[in-house]
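2 protein chains.
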Amino acid sequence: MLPSPDEKPFMKHSVIVPGFKFSGISSGIKKTKKKDLALIYSENTAAIAGIFTANKIKAAPVKLDITRIRRSGKARAVIINSGNANACTGRRGIKDAHDIAQITARELRSAPHLVYVASTGLIGRPLPLIKIKKAIPESVRKLSSRSIRHAASAIMTTDTFTKIDVKKILISGKTGTIAGIAKGAGMMCPHLATMLCFIVTDIAVERRALNAALREAAEKSFNSLTIDNDMSTNDTVLLLSNGFLKNKPITKNSFFYKKFENALAEVSYNLSKMIAMDAEGATKLVKVRVRRAKTTSDAEKASRAIASSLLVKTALYGENPNWGRIMAAIGYSGAHIQEDKIAIYINNFKVVNKGTGARKTPKHLFQKNEIVITADLGIGEKEADMLTCDLSEKYVKINAGYMT
Amino acid sequence: MLPSPDEKPFMKHSVIVPGFKFSGISSGIKKTKKKDLALIYSENTAAIAGIFTANKIKAAPVKLDITRIRRSGKARAVIINSGNANACTGRRGIKDAHDIAQITARELRSAPHLVYVASTGLIGRPLPLIKIKKAIPESVRKLSSRSIRHAASAIMTTDTFTKIDVKKILISGKTGTIAGIAKGAGMMCPHLATMLCFIVTDIAVERRALNAALREAAEKSFNSLTIDNDMSTNDTVLLLSNGFLKNKPITKNSFFYKKFENALAEVSYNLSKMIAMDAEGATKLVKVRVRRAKTTSDAEKASRAIASSLLVKTALYGENPNWGRIMAAIGYSGAHIQEDKIAIYINNFKVVNKGTGARKTPKHLFQKNEIVITADLGIGEKEADMLTCDLSEKYVKINAGYMT
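Protein sequence lines correspond, in order, to chains A and B.
Going by this note's numbering, the first sequence opens with residue 1, and the numbers climb by one from there.
Going by this note's numbering, the second sequence opens with residue 405, and the numbers climb by one from there.
Nothing false has been slipped in among the hints.
Result set (DSS-like, lysine-lysine): computed pairs, CA atoms no more than 25 Å apart in a straight line:
hint: 1; chain 1: B; residue 1: K772; chain 2: A; residue 2: K394
hint: 2; chain 1: A; residue 1: K341; chain 2: B; residue 2: K467
hint: 3; chain 1: B; residue 1: K499; chain 2: A; residue 2: K341
hint: 4; chain 1: A; residue 1: K56; chain 2: B; residue 2: K691
hint: 5; chain 1: A; residue 1: K360; chain 2: B; residue 2: K535
hint: 6; chain 1: A; residue 1: K56; chain 2: B; residue 2: K698
hint: 7; chain 1: B; residue 1: K499; chain 2: A; residue 2: K360
hint: 8; chain 1: B; residue 1: K798; chain 2: A; residue 2: K394
hint: 9; chain 1: B; residue 1: K745; chain 2: A; residue 2: K56
hint: 10; chain 1: A; residue 1: K131; chain 2: B; residue 2: K764
hint: 11; chain 1: A; residue 1: K350; chain 2: B; residue 2: K460
hint: 12; chain 1: A; residue 1: K63; chain 2: B; residue 2: K745
hint: 13; chain 1: B; residue 1: K460; chain 2: A; residue 2: K287
hint: 14; chain 1: A; residue 1: K363; chain 2: B; residue 2: K798
hint: 15; chain 1: A; residue 1: K363; chain 2: B; residue 2: K435
hint: 16; chain 1: A; residue 1: K382; chain 2: B; residue 2: K460
Take a look, some chain B residues computed to stay more than 12 Å from chain A by CB distance:
hint: 17; residue: K437
hint: 18; residue: H502
hint: 19; residue: P532
hint: 20; residue: A539
hint: 21; residue: S548
hint: 22; residue: H554
hint: 23; residue: K663
hint: 24; residue: S701
hint: 25; residue: E785
Partial list, computed: chain B residues near chain A (C-beta under 10 Å):
hint: 26; residue: I461
hint: 27; residue: R496
hint: 28; residue: S636
hint: 29; residue: L714
hint: 30; residue: V756
hint: 31; residue: K758
hint: 32; residue: K798
Honestly, the hints are just simulated from the structure, not real lab data.
Beta carbons are placed, not taken as given, at the ideal position from N, Cα and C, and that holds for glycine.
Please work from the sequences and hints to get the whole structure.
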């Protein structure tokens with residue numbers, strides 16, 4: 001297991017975002033009595049943007065949120081349960097998601113259509129609605145501006161550590177905050193694990209700008225981590241902006257738009273990195289970079305193929321710098337290539353030159369917690385990056401037992 | 405580990421194909437001193453057809469064979485080494501493959517362009533040519549019509565049992581033989597393992613018919629096992645017909661064409677099945693069937709997604725009949741679907757009806773050596789099948805250590 005980022009200087013103090021409150025409690029969905037119900041609440045009506053799974057089979061809460069964002073783009077609260085995905089649950093699942101939003105709204109004295117719902121866990125079983133209903137008043141009572149960590153903990157499934165990141169930026173002389181929590185686990189590439197991420201900010205951002213910034217940020221983070229087609233039924237990223245900073249709302253043409261977008265991308269990237277680090281059974285964080293591809297699509301194909309190759313992933317785990325498997329992945333990726341133009345670097349050490357072994361590959365190249373694999377296709381100017389992890393026996397053990 | 409098909413009634417007697425001789429010896433490429441050099445020899449000039457990897461990075465022997473088949477379509481011998489793939493070895497690799505063919509031809513007193521070469525094993529290291537050169541005379545000396553099993557054993561890498569199949573058919577009152585050997589291992593889906601397969605027959609088949617029959621047979625067997633884009637650098641299927649049966653050569657319009665093609669497909673399918681059974685660490689043989697898809701491409705996408713899903717594979721290994729993972733795979737497969745039309749069966753037991761859980765899923769459903777998963781998409785008439793296996797910790801262990 002990689003060292004938890006809690007031990008890193010990511011997060012030292014408790015995270016406060018003006019106008020937002022959080023709670024995380026146990027409602028009894030998880031038999032272990034671990035926290036399984038998170039609530040995020042904005043003291044006023046926030047603007048909301050969202051990104052959802054591309055899976056054609058979408059969980060009930062995802063369907064609900066998509067409709068609500070499209071209709072109003074406004075939010076007061078997000079209620080999230082772990083332990084049950086409320087996916088493939090038919091009409092009952094839709095009704096359950098609505099009911100949860102309704103009851104939460106009542107307790108918060110908010111309009112029901114301003115409450116969003118997310119779920120993660122086992123697919124195909126009806127939610128234990130009675131337990132959740134009973135627990136909602138407690139989750140409202142426990143709301144506190146200092147409880148983001150409890151919310152982060154309540155959305156976890158097989159995650160081994162809470163994932164929180166925060167970034168402060170100056171907007172017109174005032175310090176705004178962007179804070180996010182996420183859960184991932186599963187092996188991110190090549191296959192599905194539910195990724196949930198909730199980001200809140202007190203910076204006022206106009207709805208369209210909020211949406212654009214989230215999409216930009218995701219492109220540089222979540223989308224280089226999970227791949228569209230491989231998404232779970234429940235993947236959800238929500239971004240809420242409540243404007244407590246009282247700045248002039250940022251639009252796409254504002255001077256501060258780029259600054260906001262960059263800060264949001266940084267928070268998203270850090271959360272993505274934590275997700276990759278905590279992937280089930282992972283022992284290494286791996287960055288795959290493809291350079292000098294003919295087209296961006298070629299670069300993406302090659303980087304995805306390398307990052308998704310089980311043989312590359314097991315070689316990383318076995319600390320076996322087997323570049324042949326990287327070459328083979330590039331070859332079947334579908335990217336345009338010229339074999340004798342390819343160079344491959346492992347942490348800046350050239351292992352392949354002109355398509356063949358550069359020199360004797362030192363055994364220690366994969367003996368690190370963080371590995372960078374760079375494939376230089378040598379026939380163009382386009383590039384793409386992917387974040388991934390290695391594949392260990394533990395991944396199999398976890399997933400042979402766990403009911404997703 | 406699945407029971408080896410040696411214990412099944414697949415192969416009881418030694419396999420003889422008139423006019424063909426075989427050998428399998430140790431040349432010292434493998435440090436374990438296991439057999440690593442196989443030779444297949446036809447007493448006269450045979451017609452040859454081949455199918456090769458779609459990987460853009462092709463091993464040197466693959467490049468050589470493609471050229472030779474295109475030029476003459478004739479063969480006297482195939483020499484195969486295991487333990488080294490001769491891939492990503494640049495010009496030297498090409499020269500080495502040529503040299504091996506040349507020396508083998510000299511020893512056999514054949515024309516060099518009638519000798520084909522195949523390799524499997526570690527990518528990126530030059531072949532130990534001196535060892536192979538030294539061993540060729542012995543491999544020629546040991547040629548025998550009864551030694552197909554030795555050849556089958558010499559092409560193995562991480563395979564745990566030899567893969568041989570044979571089928572006899574009546575052609576104009578005479579009994580013709582089709583026999584094949586194969587090696588696979590690796591986890592067949594979703595990723596690369598070198599698949600080598602050599603099929604020989606004494607039935608005379610005209611070159612174009614031979615080629616067509618091989619492609620048809622592969623469609624129903626190897627192609628539903630490995631996926632084009634995921635092929636290794638070395639995948640090779642060669643089919644040799646020497647006409648020793650002295651039948652009127654079969655053409656595409658012959659009465660016997662279909663019979664030949666079916667028998668060839670049967671041998672190919674049986675070898676594919678053995679490859680799936682022997683996939684690294686596999687404990688179950690899994691057939692994925694998609695029915696009532698809108699298009700054949702949809703059916704193929706859905707069956708590949710299910711068969712390639714690590715979460716489905718680990719659930720199979722854990723004997724955890726987690727149909728939610730099957731639904732999720734269908735959802736991200738890219739196939740056109742309607743969630744509420746989908747039904748899923750595990751070994752004829754309906755677990756999903758109209759997109760949601762049909763009834764309580766008995767735990768024992770995955771507690772078998774052979775599992776059939778059927779996904780009925782309910783919106784069309786097209787279908788597709790895939791053969792695959794489960795994913796165990798052993799797969800990771802093998803591939804973390806093995807240098808492919």
